Amino acid sequence: MLPIFVGDLANKGPRNLMTIRKVRQMEALCVRGNHEEAIIQHYLNWQNDLHYVIPEVFKWITELNTDDINFLLELPYTISIPSRNILIVHAGLVPGIPVHQQNLDNFIHIRNLYQDNDGNLLASELPFQGEAWASLWSGPEHVYFGHDASRKLQQHPYATGLDTGCLYGNMLSGIFINSKKMLQVKAKKVYSEPKGFKTPK
Numbered sequence: 214m215l216p217i218f219v220g221d222l223a224n225k226g227p228r229n230l231m232t233i234r235k236v237r238q239m240e241a242l243c244v245r246g247n248h249e250e251a252i253i254q255h256y257l258n259w260q261n262d263l264h265y266v267i268p269e270v271f272k273w274i275t276e277l278n279t280d281d282i283n284f285l286l287e288l289p290y291t292i293s294i295p296s297r298n299i300l301i302v303h304a305g306l307v308p309g310i311p312v313h314q315q316n317l318d319n320f321i322h323i324r325n326l327y328q329d330n331d332g333n334l335l336a337s338e339l340p341f342q343g344e345a346w347a348s349l350w351s352g353p354e355h356v357y358f359g360h361d362a363s364r365k366l367q368q369h370p371y372a373t374g375l376d377t378g379c380l381y382g383n384m385l386s387g388i389f390i391n392s393k394k395m396l397q398v399k400a401k402k403v404y405s406e407p408k409g410f411k412t413p414k
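Per this note's numbering, residue 214 is the first one in the sequence shown, and the count goes up by one each step.
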């Protein structure tokens, strides 16, 4: 069995460094999430600017060693399993655009899709703007993704969202790809309070 993680391994929980090193030790696969992107950016800023002030929530990145940061830098935005017609991303995609032509930001931030005045589908990370991208995804690949904890488990014909808010005291969810059997473990406690989004008036 080969574990594949959908990103956001670290940054809000209590054991960031331990988590990254555990995944490395497992020789598991993982896609890059918005948290990994932020960790990399703050780490590089800190390395390249003696006066850079690391935000409090990222202070732990000073403990990253060379192997840790190389692991993060090498994380792909997507993992494809052609034999199963499966694509794994952190956040999502815009339908109708080939994977290699997607804006990289879609892979780590998208939550919703909305239409512009010309009827084109545009990506949004705001949950109140448009519709869940996964509900509009019609394949052919089945996409497994995370990122969207506010919607919890999402099960659509061609997309499965696995972020069920473990960080917020809910469930940690996984799926066995071949059997489609779900595996869920309840969080021991609330590790972070969700900030959420305020719906505009």
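Please keep in mind that the hints were generated in silico from the structure rather than gathered at the bench.
Given the structure is predicted, the values throughout are model-derived calculations rather than measurements.
Please note that the accuracy of each hint is not assured.
Simulated crosslink set (EDC-like; lysine to aspartate or glutamate; CA at most 16 Å straight-line) [as the list claims (entries may be wrong)]:
(1) K408 to D331
(2) K393 to E338
(3) K225 to E338
(4) K408 to E354
(5) K235 to E269
(6) K225 to D280
Label-pair distances were calculated between CB atoms; the ranges are [what the hints assert, rightly or not]:
(7) V270 to G382: 17 to 23 Å
(8) F389 to K365: 18 to 24 Å
(9) N298 to L334: 21 to 27 Å
(10) N298 to K394: 17 to 23 Å
(11) N330 to P227: 20 to 26 Å
(12) P216 to A400: 29 to 35 Å
(13) L263 to K408: 28 to 34 Å
(14) N330 to M395: 26 to 32 Å
Backbone N, C-alpha and C define an ideal beta-carbon position, used for all residues, glycine too.
Outcome of the hint check:
The hinted pair formed by K408 and D331 fails the criterion: a straight-line CA distance of about 33 Å is larger than 16 Å. Taking the CA atoms of K393 and E338, the gap is near 28 Å; set against the 16 Å cutoff, the hint is violated. Restraint check for K225 and E338: not satisfied, since their Cα atoms lie roughly 19 Å apart, outside the 16 Å limit. A C-alpha spacing of about 32 Å is found between K408 and E354, which places the hinted pair above 16 Å, so the restraint is violated.
At roughly 23 Å between alpha-carbon atoms, K235 and E269 are farther apart than 16 Å, so this suggested pair is violated. For a cut-off of 16 Å, the pair hint linking K225 to D280 is broken: about 21 Å separates their Cα positions. Take V270 and G382: their Cβ atoms lie about 19 Å apart, and the range 17 to 23 Å holds. Between F389 and K365, the C-beta spacing of about 19 Å keeps the proposed range 18 to 24 Å intact.
A hinted range of 21 to 27 Å holds for the C-beta pair N298 and L334, which are about 22 Å apart. At about 19 Å, the CB distance of N298 to K394 agrees with the hint of 17 to 23 Å. Distance hint check for N330 and P227: the Cβ-Cβ separation is about 46 Å, which falls outside the suggested range of 20 to 26 Å. The supplied range of 29 to 35 Å is broken by P216 and A400, whose beta-carbon atoms lie about 19 Å from each other.
The given range of 28 to 34 Å is respected by L263 and K408, whose C-beta atoms sit roughly 31 Å from each other. The supplied range of 26 to 32 Å is broken by N330 and M395, whose beta-carbon atoms lie about 40 Å from each other.
Hint compliance for this structure: hints 1, 2, 3, 4, 5, 6, 11, 12 and 14 are not met, and every other hint is.
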